[in-house]
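Chemist: As they're listed, the protein sequences go chains A and B. Position 101 of the first sequence, counted from 1, bears residue number 100 in numbering that gives the first Met the number 0, the numbering being contiguous throughout. Position 223 of the second sequence, counted from 1, bears residue number 222 in numbering that gives the first Met the number 0, the numbering being contiguous throughout.
Since the hints were derived computationally from the structure, they do not count as laboratory data. Just so you know, these numbers come straight off a predicted model, no measurement behind them. We put the CB at the ideal spot given by N, CA and C, even for glycine. It is possible that part of the hints are untrue.
Computed cross-link-like contacts, DSSO-like style, restricted to lysine-lysine with a CA-CA straight-line distance of at most 27 Å [claimed, not checked]: (1) 620/B <-> 14/A; (2) 547/B <-> 416/B; (3) 552/B <-> 28/A; (4) 547/B <-> 26/A; (5) 552/B <-> 76/A; (6) 552/B <-> 79/A; (7) 28/A <-> 547/B; (8) 137/B <-> 14/A; (9) 2/A <-> 94/A; (10) 547/B <-> 493/B; (11) 552/B <-> 14/A; (12) 497/B <-> 513/B; (13) 26/A <-> 552/B; (14) 14/A <-> 547/B.
Computed, partial: chain B to chain A, Cβ under 8 Å [as the list claims (entries may be wrong)]: (15) 301; (16) 303; (17) 449; (18) 554; (19) 614; (20) 618.
So the chains spell out like this:
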Amino acid sequence: MKKVLILFAHPKFEKSRANAALIERLKDKAHVTFHDLYEHYPNFHINVQHEQELLVQHDVIIWHHPLYWYSSPAILKQWKDLVLEFNWAYGPNGKVLHNKTIFNVITTGGSRDVYCSEGYNTFTINEFLRPFEQTANLCGMRYLPPFTVMGTHNLSDADLLNYANQYEQLIDLLQGDFNASRLSNCFFLNDLEILTV
Amino acid sequence: MSGSLLFEAIVFLAGAIICVSLAKRLGLSSVIGYLLAGVLIGPYVFGFIGEEGEDIMHFAEFGVVVMLFLIGLEIEPKNFWNMRKSILGMGGIQVGLTVALTYVFFAVLGYQWQVALTVGMAVALSSTAIALQTIKEKGLMNTTFGSSSFSILLFQDIIVIVMIGALPLLSNTSNSEGAEASHATTTLIEGLPIGLQTLAIILSVVVIVVAGKFLIVPVLRKVAKTGVRELLIAAAFLIVFGISYLMEFVGLSPALGAFLGGVVLSTSEFKHELESTLEPFKNLLLGLFFMAVGASINFVVIAKSPLTIGGILIAIIVIKALVLFITGRIFKLKLDQNVLLAFSLAQVGEFAFVLLSFAFQLNILSQEQMDIMLVVTAVSMSLTPILALVNERLILPKIGTKESVKRPMDHIAKSQKVILVGFGHFGSTVGRFLRSHGVEATILDFDSNRVDFLRKMGFEVYYGDATRLDLLESAGIAEAKLLICATNKVSVAKSISKIVKEKYPHVELMVRTKNRYDAYELLNLDVNNIYRETLDTSLALASDALHKLGFRKYTLNRQVHNFIKYDEASLRRLASEPKRDNDYIFKARKEVEQQEKLLENDFKRGIVAYDNHWDSEHIRKILENPNSNS
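With the rest of the complex left out, here is chain A (with noise of 0.2 Å):
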């Protein structure tokens, strides 16, 4: 069974309904580490040797964080600053995350339809995301649509329960032996027909 890392970075998780939701089962799954990076790191005084060993350990890792300003919280770049070594993580010998996978789960205030070339925010979540999908192929990763919960500030609780149950069928789905054509005809990997809604 393969290991799924969920790097978690959200400055104030106690005032946040949709991510205490989507995370409260997979706390304690098995074969789940959940990498709380804002508890872990008051001061961002990021422990690389700690997260490097993390990467090894793990097949499928998960940047979760909700969209601020069209990006990460500020301690997921300063992850990937310190974390993604020159020479580890790429360059000639920076070989130790090849072929794993990855990709965001994004929770974001504004609905689906706000992000795209009509929408007030122009472009496209994956749009925005470009940065994490070339950091994952300079990486040599294999890098997935993003899980996305939109438009959080309308969802009742019955809805995001749905989303946590989404999230966790696509967690199990990773951990089997997953088939990367399924992401064919994915624009979010909530598209994935597997997922019950």
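Chain B: place on chain A using the hints.
Modeler: For chain B alone, coordinates are given in the frame of chain A:
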């Protein structure tokens, strides 16, 4: 003018004060002032001081001994060993060549070969007192010129023993007996075979080294523990007197012994304490010495044969300067450094007085020859500062390749000096962290047990009371960038802050305090870097406690910093308030209320006021009810 002791003291002190302050006012070296004072109070001008001048000179030579002890303190054994080549090389060439050239000069003038050789030896020796005092006064000790001068002078200090030993060989045997008898009583090694003499010399050096390590330092620790300050002064003098006595007893130069003693103690924790204790005494004794030199210039002899004396004087200075210049050339000194060397060691030194009078006792020199040479010696010493002045004002500016006194340091840690006062639990943590970044602070502590222990651990810790300006000065406060006051005694922190703010305002003060009340006083002394020991730790604990109750760490972290910010601001506001007790308490209470209110507000608005961006609930509320202003 046998006068009372008090009267003599008054004459000397008044002469010194008047002439030295006059010389300083004119921008001249203090040495000139002392020499002038000597001439004025001497037998030929005002006549306050007569024959007793020589006794005073003998006493004042002790200033040279103290000076060499202090110089030794600044040279660690390792550096001393590194200097061995320049001591032997430069010193050997200088003394050898000078003796040879002077000998030729006097032989050509028709003097007997014994006379020429004796004078040659006397002339080869320069004045440690004048040269080093001038070099130190100008702060040039760390230049190549300074260390070269020092090497040569040190070699002369050693070689003079050989010269004194050799003089009797030059005299006619029939006359030498009486003279030798008069000397044999004072020294131990004379008359011994050469091998035993060498052994005695080596043995006495070993005694100094061993005593320094295993006797002097432990005794100093005991003395320090009593906390009686004047005992330490007494101990410092006991060390110097003791070494001098030992050296005179075996027939070595006391100055040389004192130097060795200094080197041995240079790695001990008492280095700075000894320095600051002896420094003022050294300067006064040297001043006395220079005055005695001035007083000993025999103007009657000069008046009798001014041309002979003038000729010999000029010839000797030229020969000495030339030899020094050649020596400097051989050792590849830069031109400006070399010229400085040639000028500052061109005089005939105080050892000449000893050699010449000894040679007179041995009937090598006639009364007239001795008188002339004594005058030449005294005048050449008096001329040194004047020559240096000529060099400085007229020659050096034309050379231009001036070596900067402070060599560029290649590392931030070395060029930026830090003094750390107090090395308890707090200070040692500070020191360890600085050290882990290559910053070696000069540490001062008042607990001799701890100093001893920490030195064994490899820290550079010195014993001493840091509220004394002179100790701070010898620890190098003039060049320091930071002074960190980590002592737990608030009164000490306050007096250090006062002193440093007043005397060395360029030094940045960083002070540990206990609580806000001490902080107020320090703020009012204009100390801005204040570290309340109770603040960070208590908040760290409180923050961890809240974390254990379920609060998020990152939020707590931000909140702790907010709290510190509020607290610092209120601290500074309150410090500027005038202190009337009732009013003060009232204000303090108001501040606390205000702080509570601020925090309460934050809590209502979502713990940290300006972190709303991250709070989706907050945004949701506004979206639901856009007109409300939460």
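Chemist: Give a verdict on every hint.
Modeler: Now the hints, each set against the structure:
1. 620/B <-> 14/A: 13 Å, holds
2. 547/B <-> 416/B: 43 Å, violated
3. 552/B <-> 28/A: Satisfied, since the Cα-Cα distance of roughly 23 Å is no more than 27 Å.
4. 547/B <-> 26/A: Between residue 547/B and residue 26/A the Cα gap is close to 19 Å, so the pair holds against 27 Å.
5. 552/B <-> 76/A: 19 Å, holds
6. 552/B <-> 79/A: Within the cut-off at roughly 21 Å; holds.
7. 28/A <-> 547/B: The given pair, whose Cα atoms are some 23 Å apart, holds under the 27 Å limit.
8. 137/B <-> 14/A: 69 Å, violated
9. 2/A <-> 94/A: 19 Å, holds
10. 547/B <-> 493/B: Roughly 39 Å between the alpha carbons, so the hint for residue 547/B and residue 493/B is violated.
11. 552/B <-> 14/A: Holds - the C-alpha atoms of residue 14/A and residue 552/B are around 14 Å apart, at most 27 Å.
12. 497/B <-> 513/B: 18 Å, holds
13. 26/A <-> 552/B: 18 Å, holds
14. 14/A <-> 547/B: Holds, at roughly 18 Å.
15. 301: 79 Å, violated
16. 303: 86 Å, violated
17. 449: 33 Å, violated
18. 554: Since the shortest Cβ distance to chain A is 7 Å, the answer is holds.
19. 614: 4 Å, holds
20. 618: Hint on residue 618/B: holds, closest Cβ of chain A at ~6 Å, below 8 Å.
In summary, the numbered hints that this structure violates are 2, 8, 10, 15, 16 and 17.
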